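Undergrad: Listed below are the residues making up each chain.
2 protein chains.
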Amino acid sequence: MSSPKQKKQEIFPQLRQDPISKTWVVITPKRRARPEEFDQSRIVKRKIVAKKEDCPFCEGNEAKFGNPTSLLEYPRKGGKWSVRVIPNKYPAFLKNQKSKVKSQKLYISQPAIGSHEVIITYHHEDHTPKQPLWLVDKMLRAYQERILNLKKDQKIKYVHIFVNEGDEAGASIGHPHSQLVALTLIPEMIQKELDGVEQYYKRFKKCIFCDIIKREQDQKERVILENKNFITIAPYFSRFPFEMWILPKEHQTSYEEMDETRRRSLAEILKYSLLKLDKGLGEPAYNHFIHTSPVNVKSQQYHWHVEIFPRIDIWAGVELGIGVVFNTMVPKVAAEFLRKVKI
Amino acid sequence: MSSPKQKKQEIFPQLRQDPISKTWVVITPKRRARPEEFDQSRIVKRKIVAKKEDCPFCEGNEAKFGNPTSLLEYPRKGGKWSVRVIPNKYPAFLKNQKSKVKSQKLYISQPAIGSHEVIITYHHEDHTPKQPLWLVDKMLRAYQERILNLKKDQKIKYVHIFVNEGDEAGASIGHPHSQLVALTLIPEMIQKELDGVEQYYKRFKKCIFCDIIKREQDQKERVILENKNFITIAPYFSRFPFEMWILPKEHQTSYEEMDETRRRSLAEILKYSLLKLDKGLGEPAYNHFIHTSPVNVKSQQYHWHVEIFPRIDIWAGVELGIGVVFNTMVPKVAAEFLRKVKI
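Same order as they appear, the protein sequences are chains X and D.
Read in order, the letters of the first sequence correspond to residues 199 to 541 in the numbering used here.
Read in order, the letters of the second sequence correspond to residues 199 to 541 in the numbering used here.
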């Protein structure tokens, strides 16, 4: 007999809508409602590049692989640098092109103006979950410094910082690194979130991200980790199995505005959130990135945060064809599993 | 010396906007501007399931794997059936759930109402490029019959038909099959295209797809294949290397309206377009699907078509993070390569 307090059984498959971007997700657990039933054989452990001498990102190889110029370098005791930012050797965005929009009746094109950079931490194998906190913090500081520098150019409208870890997440080099692209337009997904934030604000006079944080703190079932300034949750409308969002608890619009104390707090929660993923799921491939406010446009409401997407399932004909996303893992079950992983 | 007629050299990386959905693509050829320089080692040949006796989709195994009920079956000379449609064993959409939208202030959910079906062709190994034309035609006819049947239910708003071929494209069973999902909502990408078509129509009083076809027929450089009723092109704003679109030359809003003659013409161009991909690139994984008009909503302008996405590159932190897509292959170069593949 069910007690009156017991919640009604959720019915699956279930359609859930991301209240910010409005994307529809189908939570479709199949046989894998419980993470312990989750077919871990599907998870490929991330590879590491074996040889330091062939690594284009290792200290000492700067000239060998044709990337001698640093955009930013932090020194390291007993070495050359701890964090180094260089231009991407095969950039998708370039600084010096004539920015001319070629708008024909049908097809619109323009040179891809902006910047494409690589942020490298010095150790050849140790990525964020294994790095000391001071190094993670320095990497996060380099992100801030680059955004502050790039937004001096009034043409730049958005700076996107992301990490691809493992082959299944599109990484081509194993040495731990992040990437940055600076664009002259506000990307589609950011615009959708800005619109969602604005709509919610008009209706409730509140930040939707702040309300999500409050709701998750009250309910607790989708909270994975928490420290003084940040909270890691499995979003109710997760697109990926074991998806995590790291949100600053206080409302803050832009990543680069974060002070030193809060940045150290972020370094800690980022390291340990990723460590839970690695320990719990056997080092899967993943992408993570920062969603923050555009730059050089009139300020809009936003609440910057980090999103982490483990790449266990492959997007197929539904996701790519119509933009509806299938997720085989119930977010609160994923949260419960990750919460219990010892770190 | 360049002749006055010679076109100006295109500058890469280049931002291109899909004029229908408005998605931004960065054409960023890196070192692989020419397909012969395209790193074919990155392409994994699709696997085939070896044992017929373990195949849930093979004739004779219908009861063994718990899918004895057919929604549709076409007979076959010398066998039981040529094409068979069954409910998906692990459906993401179900017919019989109470359709109640649970709309709270923040989170919106509803049971995933609809249908999730599998369309199976009888041969265990031969997929579309190797199938006889009559069988491809029967498969395309089954798609039509299922749409016509499903749209009798007024709740259904869209029927999506798609194929996942190969592990990298999210396939879990090797036996050739298509899938169908019927939804009670108009999916995001379809709505975006409908909006794009409407905008263009308001401005130019023409169908944007018809204008794209005309433009590509005039220019010829992105045409891959053509027959009486259809044309295969590499879209100017391709999201994937070697992406192909198959479009009916005459304006037609809905796939299910296509007559028998035109369906045979589609069977032919679909088979040979996929054969070019297989022969040219060594049987890569791919997704393909139909984009067609919603059902049971007041008719809107649309021009149905097929999209084919080879899964050679992996979407990473830019595509998943901000919705801007990097494509390392220049569409007209891909078209030239595929045009020349002998079939």
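Treat the hints loosely; a few may be bogus.
BS3-like, lysine-lysine: derived pairs with alpha carbons at most 30 Å apart [what the hints assert, rightly or not]: (1) D:K412 - D:K540; (2) D:K303 - X:K400; (3) X:K540 - X:K220; (4) D:K249 - X:K243; (5) X:K278 - X:K412; (6) D:K287 - X:K530; (7) D:K293 - X:K530; (8) D:K249 - X:K228.
Covered stretches of chain D (in silico footprint by chain X; criterion: 3 or more residues with CB under 8 Å from a CB of chain X, positions within the stretch not fixed) [stated by the list, open to error]: (9) 405-416; (10) 519-526.
What follows is a set of in silico ranges between Cβ atoms, one per label pair, in the way DEER data are often shown [claimed, not checked]: (11) X:K220 - D:K293: 23 to 29 Å; (12) X:R401 - D:S239: 50 to 56 Å; (13) X:Q352 - D:E323: 57 to 63 Å; (14) X:D393 - D:R240: 34 to 40 Å; (15) D:R240 - X:Q302: 49 to 55 Å; (16) X:I541 - D:Y288: 29 to 35 Å; (17) X:N286 - D:D393: 30 to 36 Å.
Quick caveat, the hints were computed from the structure, so don't treat them as lab data.
Since the model is a prediction, treat every value here as computed from it, not as a measurement.
Even for Gly, the Cβ is constructed at its ideal location relative to N, Cα and C.
Undergrad: Work down the list of hints and note, for each, if the structure agrees.
TA: Hint check results:
Between the alpha carbons of K412 of chain D and K540 of chain D the distance comes to roughly 25 Å, so the proposed pair stays at or under 30 Å and holds. About 14 Å separates the Cα atoms of K303 of chain D and K400 of chain X, which keeps this hinted pair within 30 Å; it holds. A hinted pair counts as satisfied when its Cα atoms are at most 30 Å apart, and K540 of chain X with K220 of chain X does not qualify at roughly 34 Å. With a C-alpha separation of about 28 Å, the suggested pair K249 of chain D and K243 of chain X falls inside the 30 Å cut-off, and the hint holds.
Among the hinted pairs, K278 of chain X with K412 of chain X is inconsistent with the structure: their alpha-carbon atoms are about 44 Å apart, more than 30 Å. The straight-line distance between the Cα atoms of K287 of chain D and K530 of chain X is roughly 24 Å, inside the 30 Å bound, and the hint therefore holds. Pair hint K293 of chain D plus K530 of chain X holds up; C-alpha atoms about 25 Å apart against a cutoff of 30 Å. Under the criterion of a C-alpha separation no larger than 30 Å, the hint pairing K249 of chain D with K228 of chain X is consistent with the structure, at around 25 Å.
With 4 residues carrying a beta carbon less than 8 Å from a beta carbon of chain X, the stretch 405-416 of chain D meets the three-residue requirement, and the given coverage holds. Only residues whose beta carbon comes within less than 8 Å of a beta carbon in chain X count, and the stretch 519-526 of chain D has 5; three or more means the coverage holds. Between K220 of chain X and K293 of chain D the C-beta distance comes to about 26 Å, which sits within the given range of 23 to 29 Å. Range check, R401 of chain X to S239 of chain D: Cβ separation about 53 Å, and the 50 to 56 Å hint holds.
Our hint of 57 to 63 Å for Q352 of chain X and E323 of chain D holds, since their Cβ atoms are close to 59 Å apart. Checking the proposed 34 to 40 Å range against D393 of chain X and R240 of chain D shows it holds: the Cβ atoms sit about 37 Å from each other. For R240 of chain D and Q302 of chain X, the hinted distance range of 49 to 55 Å is not satisfied, since their beta carbons lie about 33 Å from each other. Between I541 of chain X and Y288 of chain D the C-beta distance comes to about 33 Å, which sits within the given range of 29 to 35 Å.
Taken as a hint, the range 30 to 36 Å holds for the pair N286 of chain X and D393 of chain D, whose Cβ atoms sit roughly 34 Å apart.
Violated hints, listed in ascending order, are 3, 5 and 15; each of the other numbered hints is respected by the structure.
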